[in-house]
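Trainee: Spelled out from the first residue to the last, the chains are:
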Amino acid sequence: MTTTVHYTDAEGTVREIEGRPGDSVMETAVRNGVPGIVAECGGSLSCATCHVFVREDCLDKLPPMEPMEDEMLYGTAVDREENSRLSCQLKLTDGMDLYVTTPETQV
Amino acid sequence: MAASTSQPTGLLIIGASQSGVQLAVSLRALGFEEPITLLGEENHRPYQRPALSKEWLQGEVGNESLIFRSNEYWAEHHVTLVKGERILRIANNRDGSGVAVAESGAEFPFKRLALTVGARARKLAVDGADLTGVVYLRNADDALALKALVGDATDVVVIGGGFIGLEAASSLKKMGKNVVVLEHGPRLVGRAVGEETADYFLEAHRARGLDIRLDARISRFIPESTPDGGKAVAAVELAAGEVLPAQIVLVGIGVIPNTELAEQMGLAVDNGIVVDAHALASDGSTVAVGDCANMPNPVPGSPAGERIRLESVNNAIEHAKVAAYSLMGRREEYAGIPWFWSNQADLKLQIAGLSMGFDQTVVRRDDERGKFSVLYYRGGRIIAADCVNAPLDFMAVKNALAKGQNIPADAAGDPTVQLKSLAG
Chain A
1 MTTTVHYTDA EGTVREIEGR PGDSVMETAV RNGVPGIVAE CGGSLSCATC HVFVREDCLD
61 KLPPMEPMED EMLYGTAVDR EENSRLSCQL KLTDGMDLYV TTPETQV
Chain R
108 MAASTSQPTG LLIIGASQSG VQLAVSLRAL GFEEPITLLG EENHRPYQRP ALSKEWLQGE
168 VGNESLIFRS NEYWAEHHVT LVKGERILRI ANNRDGSGVA VAESGAEFPF KRLALTVGAR
228 ARKLAVDGAD LTGVVYLRNA DDALALKALV GDATDVVVIG GGFIGLEAAS SLKKMGKNVV
288 VLEHGPRLVG RAVGEETADY FLEAHRARGL DIRLDARISR FIPESTPDGG KAVAAVELAA
348 GEVLPAQIVL VGIGVIPNTE LAEQMGLAVD NGIVVDAHAL ASDGSTVAVG DCANMPNPVP
408 GSPAGERIRL ESVNNAIEHA KVAAYSLMGR REEYAGIPWF WSNQADLKLQ IAGLSMGFDQ
468 TVVRRDDERG KFSVLYYRGG RIIAADCVNA PLDFMAVKNA LAKGQNIPAD AAGDPTVQLK
528 SLAG
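Protein chains in written order, with our numbering: chain A, 1 to 107; chain R, 108 to 531.
Rather than coming from a laboratory, the hints here were simulated on the basis of the structure.
Keep in mind that this is a model prediction, so the values were computed, not measured.
All C-beta atoms in this analysis are idealised placements derived from N, C-alpha and C, irrespective of residue type, glycine included.
One thing to keep in mind: the hints can contain errors.
[What the hints assert, rightly or not] Partner residues are not named here, just some residues of chain A that face chain R (Cβ under 8 angstroms, in silico):
#1 ILE17
#2 GLU27
#3 TYR74
#4 VAL78
#5 GLN106
[To be verified] Derived DSBU-like pairs: lysine-lysine, alpha-carbon spacing no greater than 35 angstroms straight-line:
#6 LYS338/R to LYS91/A
#7 LYS218/R to LYS161/R
#8 LYS478/R to LYS284/R
#9 LYS254/R to LYS218/R
#10 LYS61/A to LYS190/R
#11 LYS230/R to LYS91/A
#12 LYS91/A to LYS281/R
#13 LYS91/A to LYS284/R
#14 LYS190/R to LYS281/R
[Said to hold, decoys possible] Chain R stretches covered by chain A per the calculated footprint, using a threshold of three residues with CB under 8 angstroms from any CB of chain A:
#15 249-257
#16 510-523
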């Protein structure tokens, strides 16, 4: 099954990237040069620069938030919303079809 | 040797780690159209180093997760990757062009040069330091060598109680090894954090069962013969006489900036390659970026003329962006507040700002929730914070520094008060 992440940037440009199960939404973006996700710390939950807004109907496909991610989200460059996640914590599963929007800035 | 007389084109980036990769990426994002060659001496695709002592060592992430960019990305952005070439000589012309010559004999002509050559592990001078089983942890080959030894080892001695030593010690302990950390100095992480943070880490690691010895003096590494006729380390003998069994000795005692190429080119060098606020070296053309570069302190409001060499991912990225603008003929300021992180067992340290020159500290400690922060002040203004498992404190200080705000010291010590609410 194809695993796809649809990244929409703050201007509305959409990039569809085929991902690999087990990779995170952040890794998939960075490796393929999707702008809008910085991920300075490489996924160790230290920098809060991989903030994404997850389309509401995709939220329940994702693992629940750990307390550390929750706290880090209070420090993002663009304020968090109900559907905010750090994309380094979002692991793709086989066949997942995920829609996320990146904020205007990460730093 | 004589420099090339033909008209060279393009940018040669020597060093394909964090800063070299960011420089190439930023240049293409800014519309740099000339050829870019990103050259590294390791036989690996450009990869991220931080996880080598943590998630990768513990087997939580695989090799592929460490790769910066897909091959397709580099091809689409017309960046030529060169692996496994070690540059030995650079013949440079007055206009900044020249030729870099590799150990293999291969020549790489350039119009502009970027030195993102990083730093190398400082070697330990102890009797037995060349034995099998004595390893360092700076790059992927070091990490692969360590991982190859881990399976058969039961006892590890880590030399150096800095970030690398404590991260690796925590990882190896989690993997079931008996680990002893030997620190030469009177406290942990001597260079990077203040005394309160160092004391907290000592207490926290010891509470988690890690054996840490401060003021440790090593007399020698004791060898044993291996079945293949070689010599491997078997134990570490301390000056006080104690013998610690060790099939692995991991040395993490700091790094030395790689300045040899710059020196050979006649560039100014002083604890790193001396650069101006726009990452330009003393020839006015070559850029030097990241761990290898000695730059003006980039924090707004820092004392004039103060210089610093930072070893961090964040600096590699931000400094590379400054250098990319320079190569485009633009003069942009270093953006953002320097920050650092280190994950050791369940201790998540985040540092915002640079604490050098502080004259006051405020400790925020909440043992019930396992949170600990130290705020650093100079002349009544906040300049930095060390935060352990306290991301809200880290974010509040980082954001306040970025906005030029203060967090008054007299109110900051109460851990039930959010720092964000005090900033202004």
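Trainee: None of the hints should be skipped; say for each whether it holds.
Mentor: Against the structure, the hints come out as follows:
no. : hint                 : verdict
1   : ILE17                : violated (10 angstroms)
2   : GLU27                : holds (6 angstroms)
3   : TYR74                : holds (6 angstroms)
4   : VAL78                : violated (12 angstroms)
5   : GLN106               : violated (11 angstroms)
6   : LYS338/R to LYS91/A  : violated (44 angstroms)
7   : LYS218/R to LYS161/R : violated (39 angstroms)
8   : LYS478/R to LYS284/R : holds (27 angstroms)
9   : LYS254/R to LYS218/R : violated (41 angstroms)
10  : LYS61/A to LYS190/R  : violated (40 angstroms)
11  : LYS230/R to LYS91/A  : violated (39 angstroms)
12  : LYS91/A to LYS281/R  : holds (24 angstroms)
13  : LYS91/A to LYS284/R  : holds (30 angstroms)
14  : LYS190/R to LYS281/R : holds (34 angstroms)
15  : 249-257              : violated (count 0)
16  : 510-523              : violated (count 0)
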